[in-house]
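There are 2 protein chains.
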Amino acid sequence: MPELRENPATKRWVIIATERARRPEDFKKDIPAAPGIPPFDAKCPFCEGNEALSGEEIFAIRAAGTKPTEKGWQVRVIPNKYPVLVPPVKGSPVEPKRHKSGIYLHMDGIGKHELVIENPAHNKCIATMSVEEVSSIIRAYHERYIALDWDPSYKLVTIFKNHGPRAGASQQHAHSQIVATSFIPLHERFAIEAAQRYYDELGRCVFCDIIKGELADKERLVMRNEKFVAFVPYAAMLPYEVCIIPFKHSTTFADLQPQDIESLAEILRGVLSKFYHGMNNPDLNYIIRTVPHHSAGEPYYHWHIQVLPRLTTPAGFEIGSGITVNVALPEESAKFLREFKL
Amino acid sequence: MPELRENPATKRWVIIATERARRPEDFKKDIPAAPGIPPFDAKCPFCEGNEALSGEEIFAIRAAGTKPTEKGWQVRVIPNKYPVLVPPVKGSPVEPKRHKSGIYLHMDGIGKHELVIENPAHNKCIATMSVEEVSSIIRAYHERYIALDWDPSYKLVTIFKNHGPRAGASQQHAHSQIVATSFIPLHERFAIEAAQRYYDELGRCVFCDIIKGELADKERLVMRNEKFVAFVPYAAMLPYEVCIIPFKHSTTFADLQPQDIESLAEILRGVLSKFYHGMNNPDLNYIIRTVPHHSAGEPYYHWHIQVLPRLTTPAGFEIGSGITVNVALPEESAKFLREFKL
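Protein chains in written order, with my numbering: chain A, 94 to 435; chain B, 94 to 435.
For the record, the hints were derived by calculation from the structure and aren't laboratory data. One should not assume that every hint holds.
It does not matter which identical chain is meant; a pair holds if it fits inside one copy or across any two.
Taking lysine to aspartate or glutamate pairs in the DMTMM-like style, the calculated list, with each CA pair at most 25 Å apart, reads [said to hold, decoys possible]:
hint, residue 1, residue 2
1, LYS217, ASP376
2, LYS104, GLU286
3, LYS104, GLU411
4, LYS320, GLU424
5, LYS248, GLU99
6, LYS311, GLU96
7, LYS428, GLU99
8, LYS193, GLU294
9, LYS190, ASP302
10, LYS190, ASP201
11, LYS122, ASP376
12, LYS190, GLU99
13, LYS104, GLU424
14, LYS174, GLU425
15, LYS190, GLU294
16, LYS164, GLU99
17, LYS104, GLU163
18, LYS428, GLU225
19, LYS121, GLU424
20, LYS193, ASP293
21, LYS104, ASP201
22, LYS248, GLU411
23, LYS174, GLU118
24, LYS217, GLU163
25, LYS174, GLU149
Using the sequences and the hints, build the whole thing.
If you want it as structure tokens, here you go:
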């Protein structure tokens, strides 16, 4: 019998299709996790030494004495060459003007689209980097998040990663993206409202309750350290979805404390390493889910990272109904990931 | 400058990313539209003659004198062998019982999952069928829609098609699917609410207004006939998205009149043929968007078919923010499809 499970934070029902259930082996790619990629590619705009190919840097973590847009960096943030949104012209109003054409509304595509080059080497990914290297990536995320979050031109800052072509990556060199939008998407608003309603009713953060439940239950836990826990959500949207969340109630990603960065790096690297070695490096996305600046400090939301391996193809039903069909039992996925030794 | 466009029916903003804009040629596959597929495949459970491989038929359009689960059919509807939801046990309550485990809710995966085998031949698709053959498919959709829509165990009936592997199809033989769910997904509820609000404010159906606007504007029209019009939505979610909608206000797909079936078949076949011949048979989904049984007759919704070619890969940003990025200008997509001669 298939099971319907509700995500208490978003109120969405997910189909856990046990009749189609598949085991970890069924999802593994035939390609080995570590194919022979060279550490440097002369044509790659993200490789160290090719800084001139990419564009002026917005932020970097680099060795003392080195200059922007030169060698010697650990992480670089640059503007996306093909931005989906562009910054406002100086002096334009903070709120982009809505224009009407007939019954339609449109506005300028205001926003900011940045790229985070995660490492100087062409052949590394988070799973194969050191915790220190991953910490630098998170430091860069956090710095840019705070800068964009404070800018009144932007309402929401989305940090995400596309790893592999099935996850939408067009460049092989490890990178993440940051998109700041001039509006709050409905999708995000609905998620925030659902969390707010839970708080209204029970006086507690739904995510804090989820953490408490998962720690007690144990069967969906993947790994934990002092500050963070990773688990497969009860109503995981997709096979092997993982949620990484701070134990301590913390509304927005802006709240991440410098002393917690290494701990986050350790757990993010741990989860991605389990995928990389245990499932032959599947394509995946991760997204830092947070709230708009004006909701900072609210008791009802709790930032987290949603890791979504792209092991199945969303089809007409998912697109049409918005219901996702998960062909892996969350408890089994968690068991596999938890027990896979690095 | 990228542009943000709002869909007045769903209130969702879409990014029209002109900086990344691509032309029809860029989307064309290298594979020709008509590869050498045989008309019969001995192993295909959907081929005429292989009825024993698929399962007892629920409905069929077949020649007089032929028997169920034998040769002689034009369209067959069968249960999906790997259903994502299953019918309720006889005598169980109409409303599936919600169960609590800790803070989580779950319920039995009640619903119905059927397959529509569109044609006896292994190598046909809607684009290469006759209008009469496509009419039979729509007749089957309509019959099954009405039967499931009237069943109090189900709240919403979603009819959709996955064409090609990138669209989630696992069988080559042309087929569509019908999923009846025991609940109304949030996604659908939000869409209905948005249409309802438009009606509250203006006293008109948003879709009727869209049709009126598109007919006046002309630049996003793809084709039309006596009863239906096909156009690229102003805020198309994806490149080359097409909406097929009846001119006359008609709330639910149940309202489709027998005398209008041929007209719908003609326009659906026309649109899919333009994709097949003009863009080398891209993978695509289509979904019949309609309302739950209890909303039949309401003045604010208007059923339609959403055709979604799968030409790009949704990545972390789309998944994270729910905002879609369309890299094709709707007016250009419509012009290409409109001017492509069959």
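Against the structure, the hints come out as follows:
no. : hint            : verdict
1   : LYS217 / ASP376 : within (15 Å within a copy, 33 Å between copies)
2   : LYS104 / GLU286 : both (10 Å within a copy, 17 Å between copies)
3   : LYS104 / GLU411 : both (16 Å within a copy, 20 Å between copies)
4   : LYS320 / GLU424 : within (23 Å within a copy, 51 Å between copies)
5   : LYS248 / GLU99  : between (29 Å within a copy, 17 Å between copies)
6   : LYS311 / GLU96  : within (20 Å within a copy, 47 Å between copies)
7   : LYS428 / GLU99  : within (21 Å within a copy, 43 Å between copies)
8   : LYS193 / GLU294 : between (39 Å within a copy, 17 Å between copies)
9   : LYS190 / ASP302 : between (40 Å within a copy, 23 Å between copies)
10  : LYS190 / ASP201 : within (8 Å within a copy, 48 Å between copies)
11  : LYS122 / ASP376 : both (10 Å within a copy, 22 Å between copies)
12  : LYS190 / GLU99  : between (38 Å within a copy, 13 Å between copies)
13  : LYS104 / GLU424 : within (20 Å within a copy, 37 Å between copies)
14  : LYS174 / GLU425 : between (41 Å within a copy, 23 Å between copies)
15  : LYS190 / GLU294 : between (37 Å within a copy, 22 Å between copies)
16  : LYS164 / GLU99  : neither (49 Å within a copy, 43 Å between copies)
17  : LYS104 / GLU163 : neither (48 Å within a copy, 45 Å between copies)
18  : LYS428 / GLU225 : neither (28 Å within a copy, 53 Å between copies)
19  : LYS121 / GLU424 : within (18 Å within a copy, 42 Å between copies)
20  : LYS193 / ASP293 : between (37 Å within a copy, 20 Å between copies)
21  : LYS104 / ASP201 : between (32 Å within a copy, 17 Å between copies)
22  : LYS248 / GLU411 : between (28 Å within a copy, 17 Å between copies)
23  : LYS174 / GLU118 : between (39 Å within a copy, 22 Å between copies)
24  : LYS217 / GLU163 : within (20 Å within a copy, 57 Å between copies)
25  : LYS174 / GLU149 : within (11 Å within a copy, 56 Å between copies)
The structure does not agree with the numbered hints 16, 17, 18 stated previously, though it agrees with the rest.
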